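Position chain B against the provided structure of chain A, taking the given hints into account.
Protein chains in written order, with our numbering: chain A, -15 to 453; chain B, 135 to 205.
Hints may be right or wrong, so weigh each one.
If you want the footprint, here are the derived chain A segments under chain B, 3+ residues with CB under 8 Å [said to hold, decoys possible]:
id: 1; segment: 39 to 50
id: 2; segment: 245 to 251
id: 3; segment: 268 to 275
id: 4; segment: 318 to 329
id: 5; segment: 335 to 342
id: 6; segment: 379 to 386
Far from chain A by the CB rule (all over 10 Å, computed), these chain B residues [as the list claims (entries may be wrong)]:
id: 7; residue: G153
id: 8; residue: T157
id: 9; residue: E166
id: 10; residue: E187
id: 11; residue: A189
id: 12; residue: H190
One-sided excerpt, in silico: chain B residues whose CB lies under 10 Å from chain A [said to hold, decoys possible]:
id: 13; residue: E142
id: 14; residue: A150
id: 15; residue: F154
id: 16; residue: P158
id: 17; residue: D159
id: 18; residue: A162
id: 19; residue: Y164
id: 20; residue: V171
id: 21; residue: M174
id: 22; residue: R179
No lab work stands behind these hints: they were computed from the structure. Treat the numbers as computed from the prediction; the structure is a model and nothing was measured. We put the beta carbon where it would ideally sit given N, CA and C, even for glycine.
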Amino acid sequence: MSTDILTISEAAKLIKAGKLSPVELTEMCLSRVAAFEPEVHAFVTLTEERARADAKRAEAEIKASGPKSPLHGIPIGLKDIIDTKGILTTCQSAHNVDNVPVADAACATALAAAGTVLMGKLTTHEFADGGPSFDLPWPPARNPWNTAHSTAGSSSGTGAAVAAGLILGGLGTDTSGSIRLPAALCGIVGLKPTYGLVSRAGVAPAAYSLDHIGPMAWTTEDCALMLQALAGYDPADPASANRPVPDYTGGLAIGAKGLKVGVLRRWHETDRPVADGVRDSIEAAIKTYKGLGAEVTELKVSPLQDYAAAGFFISTAERGAAYEEMMLKNPQKFGQHYRDRLVLAAFCTGMDYVQAMRKRRELMVEMATAMAGVDVVLTAGNPDEAQPIDRIPRWENLDKPNFTMPFNVTGMPAICVPSGFGPNGLPVSIQLAARPFAEATLLRAAHAFEQATPWRSQRPEMLNLMSAA
Amino acid sequence: MPPPIPSETDMAVYLARAGFELTPDQIAEYAEAYGYVMEMSTRLRSERSYTAEPAHMFSFPVDTATTEVSI
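The following block holds chain A by itself, in its conformation from the complex:
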């Protein structure tokens, strides 16, 4: 059996042509799970039987009437805060060790309807925040590029599983960067769609007004294929946007010629200076876009710290409200990181929360105005390569702003795309963002960059070793 790892798009073409069966593809993934899961800890629950049954069914359906979507027969995984009927959904917490939902989350239903094969539930930081933690019932995910290093989070298992080829795509959730940061550090693509584009019904909340669900995969095209299945109005989600869903893949090949790219240089040069490898990759990305015929300009908005402050108070207060009862009744059941986060909610007053929401409106208008003259903005993804997993400062998220929170605060779509490797040989990433509901443009810009750079051809060394064996 070949151990070459396929993208969703490549696998879909082979399946459609009858050259690859979903059963064979699923067995490939399961063999990589057997080889690498003991090192990367990407799964909380591996649903091996379900995966084989899904694959068998998909194979029969495709034989009978062809694939119903490009995701038909594709092995995927779900972050373990996403409800799955009859399957343990832990939120990686001792509070939820016996939690078996009676219904699927809307996003799980959407992917199942597209014909995907469910490989299992993926590691997360507890209730999608904090971490990596070593005091939870399950270990934290580790970075397939170097398992001594962090994946970032909180969609840590999805990042690790895609990078290690255990699944072809997966779902993450993103409240301050939890899709994009693990994507950046694991060398894959992670898309946080516009707030309201993908239903959150059936997904454990982190912070209601900042929570997003989105795809993580090896390529931008794969994220587009997944988004196509996920996007759409759902009355079960009070924030769901009732608007038509466009074609997310049709415009990918248009390229970057004529695209207007705005660079938020101040953020990575002054507000949070990035490591040399990240800075070099941003400059290289600017050159790449210019070479592709894009027009690159510099944009100026408020300091990153303003976005971080608004985001911190909103997320901490909303999280505190959601988990107040659990915290008061049984605080010791939480791991230290999440308990820390809930204790911080005590320091946020009602006035702080409202001031944060007033600040948010100002920042949303400011960013919308800055974006009016461009198609996408370009920032750093993460300030550096992945850190050693056991050396992450306890209050890092308070001390230093990240580059992802601004687009949770504004609700705008944003994507992290690999942009090279740092001096330690670990992936670095750029982030692109666009106007609300402009995912098609965002994906087009990301795809053009990806096609013009060599970074999608390199997989973690552990996979090369398996291929050689």
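Below, chain B alone, put in the same frame as chain A:
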């Protein structure tokens, strides 16, 4: 910029009001975090009219809500 030195009294009041029962050692652990929180809270306050309303996340500002993507 280093975070401001927190007042233990302030911290104790906030924690008690939230219903959290922490030991003095635990309270001391959160002093550093409290400083960062106070520092961030100053960024939220600026000159704005009392009529300035908070963001309503279920509708984007008008200038972006109508933006459609054309390829």
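Status of each hint after checking the structure:
With 0 residues having a Cβ less than 8 Å from any Cβ of chain B, the segment 39 to 50 of chain A misses the three-residue criterion, and the hint is violated. As drawn, the segment 245 to 251 of chain A meets chain B at 0 residues by the rule of a beta-carbon pair under 8 Å; below three, the given contact is violated. Under a criterion of three residues with beta carbons nearer than 8 Å to beta carbons of chain B, the stated coverage of the segment 268 to 275 of chain A fails, only 0 such residues being counted. Taking a C-beta to C-beta cut-off of 8 Å, the segment 318 to 329 of chain A contributes 4 residues in contact with chain B, enough for the three needed, and the coverage statement holds.
Only residues whose beta carbon comes within less than 8 Å of a beta carbon in chain B count, and the segment 335 to 342 of chain A has 6; three or more means the coverage holds. Counting residues of the segment 379 to 386 of chain A whose CB falls under 8 Å from any CB of chain B gives 3; the rule of at least 3 is met. With a cut of 10 Å on Cβ distances, G153 of chain B falls inside the contact zone with chain A, its closest approach being about 5 Å. At roughly 12 Å, the least C-beta separation between T157 of chain B and chain A is larger than 10 Å, which holds for a residue marked as non-interface.
Its closest Cβ contact with chain A, about 6 Å, brings E166 of chain B to no more than 10 Å, contrary to its assignment away from the interface. A beta-carbon of chain A comes within 10 Å of the beta-carbon of E187 of chain B; the shortest separation is about 7 Å. A beta-carbon of chain A is positioned within 10 Å of the beta-carbon of A189 of chain B; the least distance is around 4 Å. Taking the minimum C-beta to C-beta distance to chain A, about 8 Å, the non-interface status of H190 of chain B is violated against the 10 Å cut.
For E142 of chain B, the suggested interface contact is broken, since its CB lies about 13 Å from the closest CB of chain A, more than 10 Å. With 10 Å as the threshold, the beta carbon of A150 of chain B comes within range of chain A, its nearest partner Cβ sitting at about 9 Å, so the hint holds. Because the smallest distance between the Cβ of F154 of chain B and any Cβ of chain A comes to about 6 Å, under 10 Å, the interface hint for this residue holds. Evaluation of the P158 of chain B hint against chain A yields a violated restraint, the C-beta minimum of about 14 Å exceeding 10 Å.
Taking 10 Å as the C-beta contact cut-off toward chain A, the hint placing D159 of chain B at the interface is violated, the least distance being around 13 Å. The interface hint given for A162 of chain B is broken, as the beta carbon of that residue sits about 13 Å from the closest beta carbon of chain A, more than 10 Å. At its closest, the beta carbon of Y164 of chain B sits 6 Å from a beta carbon of chain A; the interface hint therefore holds under the 10 Å criterion. A cut of 10 Å between beta carbons decides the hint on V171 of chain B: the least distance to chain A is about 5 Å, and the hint holds.
Contact between M174 of chain B and chain A, as hinted, is supported at the beta carbon level, the nearest pair being about 4 Å apart and thus within 10 Å. Interface restraint check: R179 of chain B against chain A, minimum CB-CB distance 6 Å, threshold 10 Å, status holds.
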